[in-house]
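Read off the chains here:
2 protein chains.
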Amino acid sequence: MNEIAPFPSGIDPAVLAARLSDERAPDIVEALNEEAPEVAAAILLGLSQERAIEVLDQPELDSAADIIEMLPRDRVASFLSGMSADRITDIFREIEEPGRSDLRARLDAETRGAVDRLSTYGEETVGSLMTTEFVAVPGNWTVRQTLDHVRQVEKTRETIYAIFVLDPRTRALTKAVPLRRLITGQPEDNVLSVAPNRRPLAVSPTASREEAARLISKYDLLALPVIDAVGHLIGIVTVDDMIDAMVEKQTQDVQRFGGMEALPDPYMDIRFGTMIRKRAGWLCALFLGEMMTATAMQGFEGELEKAIVLTLFIPLIMSSGGNSGSQATSLLIRALALHEVRLRDWWRVALRELPTGLVLGTILGAIGIVRIVVWQKTGLYDYGMHWPLVAATVGAALVGIVTFGSLTGSMLPFLLQRLGFDPATASAPFVATLVDVTGLVIYFSVAMLILRGTLL
Amino acid sequence: MNEIAPFPSGIDPAVLAARLSDERAPDIVEALNEEAPEVAAAILLGLSQERAIEVLDQPELDSAADIIEMLPRDRVASFLSGMSADRITDIFREIEEPGRSDLRARLDAETRGAVDRLSTYGEETVGSLMTTEFVAVPGNWTVRQTLDHVRQVEKTRETIYAIFVLDPRTRALTKAVPLRRLITGQPEDNVLSVAPNRRPLAVSPTASREEAARLISKYDLLALPVIDAVGHLIGIVTVDDMIDAMVEKQTQDVQRFGGMEALPDPYMDIRFGTMIRKRAGWLCALFLGEMMTATAMQGFEGELEKAIVLTLFIPLIMSSGGNSGSQATSLLIRALALHEVRLRDWWRVALRELPTGLVLGTILGAIGIVRIVVWQKTGLYDYGMHWPLVAATVGAALVGIVTFGSLTGSMLPFLLQRLGFDPATASAPFVATLVDVTGLVIYFSVAMLILRGTLL
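In order, the protein sequences belong to chains H and S. Taking this note's numbering, the leading residue of the first sequence gets 1, the next gets one more, and so forth. Taking this note's numbering, the leading residue of the second sequence gets 1, the next gets one more, and so forth.
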């Protein structure tokens, strides 16, 4: 392990550049992320051109757009010419006009064309993740010709471990040859002699990033080809870009499940105003939803006045509904993401969650009843003369609420997917809020059933 | 996209084997996962030996241990001899004695040694994820010798895209040469002529899987070497094994954050009893914790009787504390996992969450007050003659509770890490439970302060 520790800021950029020049690009990125964009720009200028390009090519560099805007225009052009088109596209997305058009004009014609094409794809699509720097050869080449070509272009390609073979006439993608197979081939044989006999897996540029991630992960691919409607190879998604996308998606999912909008930057880099905005939105929405509980309680005002003892268990009962719902939601979010269940399986899941919820509710209900009996019998608290009925109310309400929570929590991700949303937008607080109001209604309905004529 | 759809069960295994034999191994695995182990075993026997080994080598095959135990012993031996040692180790973990010892005896000496070594590592360590099938050459070989060796061993190595160069004398790991660089080298030059000038990154076999995942993802590695205390190369972690581990960890994290134990198998494959056990544990623990709310409410019995109006807002106020806590926990779980913040940064985070919580609480408090004023003024509900004081109580309590929730939620992942647990064991329901009891106490304390002499 020879990572470097982040160093203290406030040192001369030239000194920092000299100190960093021998480090690995991801470590330089980590150091630059600790600095203000103007300092980071100054450090970049102190590195060799090759290093600087390598650093700018890392998606982990936080304020690449700001840094680029601070560099002298002539240096920028030479940096951009060395960077990959997909990275330039990502950076351009964050640069305001007229800066973007100015920079675009400085690109060489080929890169400009690639960037223009890449920037037409939406942020969540495969198209926005793919690179156009792949190795493709016509199917009438020999192994030797292919290997010679690979050696020549090695430095300018994101990966050469998958070599794509095109139909010499139509230029459609016909095979993917792993480099490991290519080097074992006879030099004068046709390149197809080392190709697997299957057609390669491929995706459309408008497919979702998750779909690419799932295919790469399932089939252990190092690169997944992206083809257009007529089968022409227009790009590839490499495994390392996919991992970066996976890590980002995981962070988003956890933050969303925690009940907030996903943050665009690391925790410590988020401005106070952004942090409030990303959290206040959902918090207010949930608060407004939860206000229904106050309305529901107002509706049961009469019952509350007659049987204050019922209020004691409101938090306990409501939270149990939310907790069981949160469990079920987390299970189904992942099951849907991993294609373990499909949309059409919703009723199978409902048929599993119903008995599961009943059993879990019965367990909690039993504990709740025991608790009331123990407190009553040991004199810790007096739940009144009708305490056995109160205990029955709490127990029965728990069965109903936990069952309802499990069902609601498990169906919510299906509903979201059906409506075209990512099931992972379901959050624990959202499920809890959904379940809370109904939970109160269930509780008071059970109470009226059991306690009518005695307490109520 | 040429994945196959899962096909209906209940067909002759020989027919299924014939139909599957041309599919990709991951697709065969998916089909076998739909079948009972005895059917899957019969299908495997109908495939060619090479295909069968490829299928058994996939970690996604669900009941590999059961399947292997059902195969004729002589076939098992030849299957095992073709499988990778790390996969055999994983499968052996799930086979009971005496079956395991019997199978172990059938391994060739080299594989048996590798399996014995690999099985000494704990399940969460790099050692349990690594493979021993890597390519290593002494540092005095030429590029040509190395390439010849790579071609020879290609079929039996998990990856050949990273070639590890060892010190000819001490056999310690000195360099990692990517195959893409090797093929560009001059045949008669020393292999070190194409090596990067840096020492390779490496991990210890006892490091955590997350550490390996972080390094592979940060440095875009295809394989991460694992070295022992004296610097000898004992294995590698490949990017595709790491992705599988990442996906598994992500599922565990989401399930844990949802407030349950992580499930070992896909949702639909979990037996009912296991499902109840994995969910009931945490649900009961949270229920017992939440019982403190009943105790707290009993303590405020007098206040409740005097001011029933206070009970109307209990669910609203408590859930707001839980929601803000859940947000903060989800943020810090990911920030710690990605090393965006370190343990020592806890006070920095606390200093951010304090004002964040205050602002968020003030926003919710303001909404709460507006709600009471509107309902009162429009005659939707009558909160009594002291309604302005009730509104003030609700508003002030929300500020306190949301601030407390944000602080508690953000500090919990630090506390867990400090105690040696994975911060991702913190869950939304757990945070909510922590915050609920204190939330009630804050609410009633604020009420006593503001309402003493009027309602209380």
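Please note that the accuracy of each hint is not assured.
To be verified - If you want the footprint, here are the derived chain S segments under chain H, 3+ residues with CB under 8 Å: (1) 31 to 38; (2) 101 to 109; (3) 262 to 273; (4) 330 to 341.
Stated by the list, open to error - With a straight-line Cα cutoff of 27 Å, these simulated DSSO-like cross-link-like pairs (lysine-lysine) come out: (5) S:306 with H:306; (6) H:175 with S:155; (7) H:306 with H:278; (8) S:155 with S:175; (9) S:278 with S:306; (10) S:278 with H:155; (11) H:249 with S:249.
Simulated from the structure, these hints should not be mistaken for laboratory data. A virtual CB, placed ideally from N, CA and C, is assigned to each residue, including glycine.
We went through each hint and held it up to the structure:
Given as covered by chain H, the segment 31 to 38 of chain S fails the check, having 0 residues with a CB less than 8 Å from a CB of that chain where 3 are the minimum. With 0 residues having a Cβ less than 8 Å from any Cβ of chain H, the segment 101 to 109 of chain S misses the three-residue criterion, and the hint is violated. With a cut-off of 8 Å between beta carbons, the segment 262 to 273 of chain S has 5 residues touching chain H; three or more are needed, and the interface restraint holds. Beta-carbon proximity to chain H at under 8 Å applies to 9 residues in the segment 330 to 341 of chain S; the threshold of 3 is reached and the given coverage holds.
Of the pairs offered as hints, the one joining residue 306 of chain S and residue 306 of chain H holds, with about 13 Å between alpha carbons and a cut-off of 27 Å not exceeded. With a CA separation close to 20 Å, the supplied pair residue 175 of chain H and residue 155 of chain S stays within the 27 Å bound. Of the pairs offered as hints, the one joining residue 306 of chain H and residue 278 of chain H is violated, with about 43 Å between alpha carbons and a cut-off of 27 Å exceeded. With a C-alpha separation of about 23 Å, the suggested pair residue 155 of chain S and residue 175 of chain S falls inside the 27 Å cut-off, and the hint holds.
Distance restraint check for residue 278 of chain S and residue 306 of chain S: the Cα-Cα separation of roughly 43 Å exceeds the 27 Å cut-off, and the hinted pair is therefore not satisfied. Among the hinted pairs, residue 278 of chain S with residue 155 of chain H is inconsistent with the structure: their alpha-carbon atoms are about 51 Å apart, more than 27 Å. For the hint pairing residue 249 of chain H with residue 249 of chain S, the CA-to-CA distance comes to about 14 Å; that is within 27 Å, so the pair holds.
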